[in-house]
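K.L.:
Here's the letter readout for the chains.
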Amino acid sequence: MGGKVTCTLGEVKNRADLIVYWGGNPAECHPRHFTKYTLTQKGKFVPKGRKDRTMILVDIRETPSAKAADIFLQVRPSKDFEVLTTLRALIKGQRVSAETVAETGLTLEQLQDFAERMKKARFGVLFFGMGLSMTRGKHMNSAALLSLAAELNAFTKFVAMPMRGHGNVTGGDVVMRWTTGYPFGVNLSRGYPRFNPGEFSTVDLLLRGDNDAALILGADPGATMPQPAIDHLARIPTIVLDPKVTHTSRLARVHITTAATGISAPGTVYRMDEIPLPLRPALKSPYPTDEDVVRRIYKAVAKKPAWFPGTK
Amino acid sequence: MELSITKNATCTFCGCVCDDIELHADGERIVETKRACILGEAWFKNHTAERLYPDALIDGQPATLDDAVEAAAEYLYNAHLPLVYGLSNVTCEAQREAVALAELIGGVVDSHTSL
Chain G
60 MGGKVTCTLG EVKNRADLIV YWGGNPAECH PRHFTKYTLT QKGKFVPKGR
110 KDRTMILVDI RETPSAKAAD IFLQVRPSKD FEVLTTLRAL IKGQRVSAET
160 VAETGLTLEQ LQDFAERMKK ARFGVLFFGM GLSMTRGKHM NSAALLSLAA
210 ELNAFTKFVA MPMRGHGNVT GGDVVMRWTT GYPFGVNLSR GYPRFNPGEF
260 STVDLLLRGD NDAALILGAD PGATMPQPAI DHLARIPTIV LDPKVTHTSR
310 LARVHITTAA TGISAPGTVY RMDEIPLPLR PALKSPYPTD EDVVRRIYKA
360 VAKKPAWFPG TK
Chain S
54 MELSITKNAT CTFCGCVCDD IELHADGERI VETKRACILG EAWFKNHTAE
104 RLYPDALIDG QPATLDDAVE AAAEYLYNAH LPLVYGLSNV TCEAQREAVA
154 LAELIGGVVD SHTSL
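Residue numbers (my numbering), protein chains in the order written: chain G, 60 to 371; chain S, 54 to 168.
The set of hints was computed from the structure by calculation and includes no laboratory data. It cannot be assumed that every hint is accurate.
As the list claims (entries may be wrong) - Derived DSBU-like pairs: lysine-lysine, alpha-carbon spacing no greater than 30 Å straight-line:
# : chain 1 : residue 1 : chain 2 : residue 2
1 : G       : LYS63     : S       : LYS98
2 : G       : LYS101    : S       : LYS60
3 : G       : LYS138    : G       : LYS151
4 : S       : LYS60     : G       : LYS343
5 : G       : LYS343    : S       : LYS98
Same shape as in the complex, but just chain G:
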């Protein structure tokens, strides 16, 4: 994970006395995060549970998660990077002008208090959501937050963790890392892996019209992607594996129904802190699993004459 300073949710539960959520709304998107891992659990070094912990929420609007927070900091939209950079300056004791801070929607006093609380924490954790990583600044925002967490370790123990969305998106990163060396957007067209987000990431590829076929599994881009990307998926032969006939299935040439992961398909799934967990399916599906179908497609392709880079 590129030197990310992080830990498991078990460590958060047992040690964290300062919990910061940035650009995320766990109360609605990860409803058991507070009660199972972070806020309310009694831990080995936080024996009084919620009373031993402070929670700070940073977001652009007051979501239901704000009710759970001790301090809510409302940042002006797309000013997260500025707030993070100011915090990095403040923890190092550098001078910051109050007028510059005012542009972020917060006051210098609020940020000084935030910086002091982070430095004084025994074990702090920064959880960041898509409100940070998918808005203006994108990966630079995540980088600034990860740097803040790393730099706070000059004063105390501090970690950062992304609030991952869909079930096994973390597993996707992990599997691609150990198979190709890169976490996502890996181009294997030269016979070896190449990684370049912006060039080999799906939306960019589809917007440029680079792909001439697509296999979609465990996702429904027809419902989530920008319209021009969806239009390109409809133009090319698209193959969808899904337990249901989805938006994407309707524009695809081939749809194959598969068993639902974790409900009728067994296997392994990674939690957001990169802990692998086994699935215990409760039902038996009449359909094959995604794993089976992909393996069958692999075998069907492997029967055809071998392909070498540069020969097509």
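With chain G's structure known, arrange chain S on it following the hints.
P.N.:
Just chain S now, with coordinates in the frame of chain G:
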């Protein structure tokens, strides 16, 4: 019908991957989801073991699994730069197979992470 009980079941709806859920199922559908949150309950109850859809569709028409696998292989084999995308709501085992397939067809493999 007697309910089957699955203890410590794992919910894959969100990144929390709670693994302490108790599921009661009647063979075709899950009827109770102890300890699951509102999102997890909807997730478990929304998927049944019923045969609601055809095994496969080719150009919108019901088809057999064998024919669909052949058609998929043909399209992917003939493409210059095929894309393998998604990988969010599938197991690591399926993701591993998908990466292997992407290598075989000389394509790009990508997940929700890049969105």
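K.L.:
None of the hints should be skipped; say for each whether it holds.
P.N.:
Hints, one by one, checked against the model:
1. G:LYS63 / S:LYS98: violated (37 Å)
2. G:LYS101 / S:LYS60: Measuring from Cα to Cα gives roughly 24 Å; hence the hint holds.
3. G:LYS138 / G:LYS151: Judged against 30 Å, a Cα distance of about 21 Å means the pair holds.
4. S:LYS60 / G:LYS343: holds (16 Å)
5. G:LYS343 / S:LYS98: holds (14 Å)
In the structure shown, a violation is registered for the earlier hint numbered 1 alone.
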